[in-house]
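If you read the protein sequences in the order shown, they are chains A and B. Number 180 marks the last residue of the first sequence (this note's numbering); no jumps. Number 307 marks the last residue of the second sequence (this note's numbering); no jumps.
It is possible that some hints are incorrect.
Pairs of lysine to any residue, SDA-like flavour, derived with a Cα cap of 20 Å [to be verified]:
1. 151/A / 279/B
2. 175/A / 283/B
3. 175/A / 43/A
4. 190/B / 115/A
5. 45/A / 297/B
6. 124/A / 299/B
7. 190/B / 175/A
8. 236/B / 297/B
9. 175/A / 129/A
10. 190/B / 36/A
11. 190/B / 78/A
12. 124/A / 283/B
Read the hints as simulated data drawn from the structure, not as lab findings.
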Amino acid sequence: MNTYEKFRKMMDNHIMLSFKGEITSDIINMVLQIMETRLDAVSEKSSVRKKIFNVLVECMQNLYHHAEAEVEGQIDTRRAMLELFYNNEFYFILTGNYIKNNDIQRLKERIDRVNSLSKEDLRKYYREILDNNSISNKGGADLGMIDMARKSGQKLDYHFTEVNDNLSFFDLKVKIAKKK
Amino acid sequence: MDNLKIEGTKQTPEIDFNSSTGILSISGRSIPENTFEFFNPVLLWLDEFSSIAPEKVIAKINLEYFNTSSSKYILEILKRLRIILKDGKDILVEWYYEEDDEEMMETGEDYEDVSGLPFEIISIDDE
């Protein structure tokens with residue numbers, strides 16, 4: 001594929017932002033700044049813009065706190081990806097990061113649980129988790145998943161790809177409906 | 181006791197807690213990666229405040245965005261206020277949301293339910 005074809009493909013897929021690398025605090029700030037400007041420029045309702053921004057914050061902080069290193073013990077190999085794009089109906093926030101195979105089961109159960117709940121039950125579950133006493137600096141991934149599901153109003157779409165005996169690649173796609 | 185004043189940034193909210201008027205305002209956005217660092221001094225201030233709080237305390241919470249790791253700390257702030265309420269003081273939480281921000285309104289209701297404090301949920305014009 002030559003560069004023009006690559007460019008066309010990005011245009012046709014309506015990619016607003018695409019990033020691969022280590023998610024640092026500086027990167028999070030930069031991405032948020034870029035996306036705020038981009039979202040201000042699209043004629044989208046402010047409630048939709050807010051949802052996108054909120055989900056984006058949670059997604060990036062998940063990557064920041066939970067992405068595993070590709071090479072064990074080498075922090076600079078905590079590479080992850082983030083992509084924002086849209087189609088006629090939805091905005092999509094796609095993230096991908098390494099995860100230890102041992103952690104897959106727990107994460108899968110958590111997402112499946114969130115996906116199985118109705119809007120009202122999701123709200124009850126949010127209140128329950130909010131009120132249970134533990135505070136962790138990582139913010140409790142449960143609350144993050146519930147919050148993303150509530151803001152998105154859609155099921156969380158995820159997939160694990162096995163990389164080796166120790167690691168898999170976890171991708172999560174959150175979609176937010178455009179306002180008709 | 182000293183008032184607590186912290187300037188807002190792109191990641192952290194503005195804090196303006198006045199120990200003599202009893203007006204405690206939090207506004208802006210709260211999306212830091214490390215929430216403990218930011219909120220711990222706020223909670224420590226409230227611990228001290230609870231013993232000298234005036235008869236009426238109004239918490240004004242006007243946040244545009246906050247991440248889920250901040251949400252636990254917001255509840256911790258409200259729990260500190262609950263201690264003051266139990267001391268027989270008058271507490272009101274004013275929860276502000278932008279008119280079309282239904283989620284922020286619902287979140288206010290969630291906090292009202294979980295904290296058991298008197299809330300006023302107030303819509304503000306999007307300008």
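Hint-by-hint comparison with the structure:
1. 151/A / 279/B: Given that 20 Å is the threshold and the Cα spacing comes to 17 Å, the pair holds.
2. 175/A / 283/B: Status holds; Cα separation ~16 Å.
3. 175/A / 43/A: 18 Å, holds
4. 190/B / 115/A: 32 Å, violated
5. 45/A / 297/B: Given pair residue 45/A, residue 297/B is violated - Cα atoms ~32 Å apart, limit 20 Å.
6. 124/A / 299/B: 19 Å, holds
7. 190/B / 175/A: Roughly 25 Å separates the two Cα atoms, so the pair is violated.
8. 236/B / 297/B: Holds, because 13 Å separates the two Cα atoms, which is no more than 20 Å.
9. 175/A / 129/A: Judged against 20 Å, a Cα distance of about 23 Å means the pair is violated.
10. 190/B / 36/A: Judged against 20 Å, a Cα distance of about 12 Å means the pair holds.
11. 190/B / 78/A: 25 Å, violated
12. 124/A / 283/B: 14 Å, holds
Of the numbered hints stated above, those contradicted by the structure are hints 4, 5, 7, 9, 11, listed in ascending order.
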